[in-house]
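Numbering (full-length UniProt numbering), first residue to last: 1 to 64.
Some clues are possibly wrong.
[To be verified] In silico PhoX-like pairs for lysine-lysine, Cα to Cα no more than 25 Å straight-line:
1. Lys40 <-> Lys4
2. Lys40 <-> Lys14
3. Lys4 <-> Lys14
Worth flagging that the hints you see were computed from the coordinates, not collected in a lab.
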Amino acid sequence: MRAKHRLSQGDLGKAIGSSRQTISLIERGDYAPSIVLSLKIAQIFNVPVEEIFTLVEGEEDDEE
C-alpha cells in the first residue's frame with residue numbers, strides 16, 4: 001500500500017510520528033502496530049483501519 005502511494009518508509013514514518021525502522025518492522029511482520037499507529041496509517045491512505053490489519057495478515061500468508 002505504501003509503495004502504491006509512492007511514499008518512502010521514512011516519509012510514512014514522519015507522517016504518523018514514528019520512524020522508518022518501525023515502518024520496516026511492520027511491513028516485515030516483525031512488529032504489530034498499535035491501534036493508534038494503525039489508525040494513523042489508515043488515515044494517511046484513507047482506508048478503514050481493518051484494511052491495515054488485513055494487509056499485514058495477507059502479506060504474512062504470501063510468505064509461507
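Hints and how they fare:
1. A C-alpha spacing of about 17 Å is found between Lys40 and Lys4, which places the hinted pair at or below 25 Å, so the restraint holds.
2. At most 25 Å may separate the alpha-carbon atoms for a hinted pair to count; Lys40 and Lys14 meet this at roughly 11 Å.
3. The straight-line distance between the Cα atoms of Lys4 and Lys14 is roughly 18 Å, inside the 25 Å bound, and the hint therefore holds.
Comparing the model with each numbered hint stated earlier shows that all of them hold.
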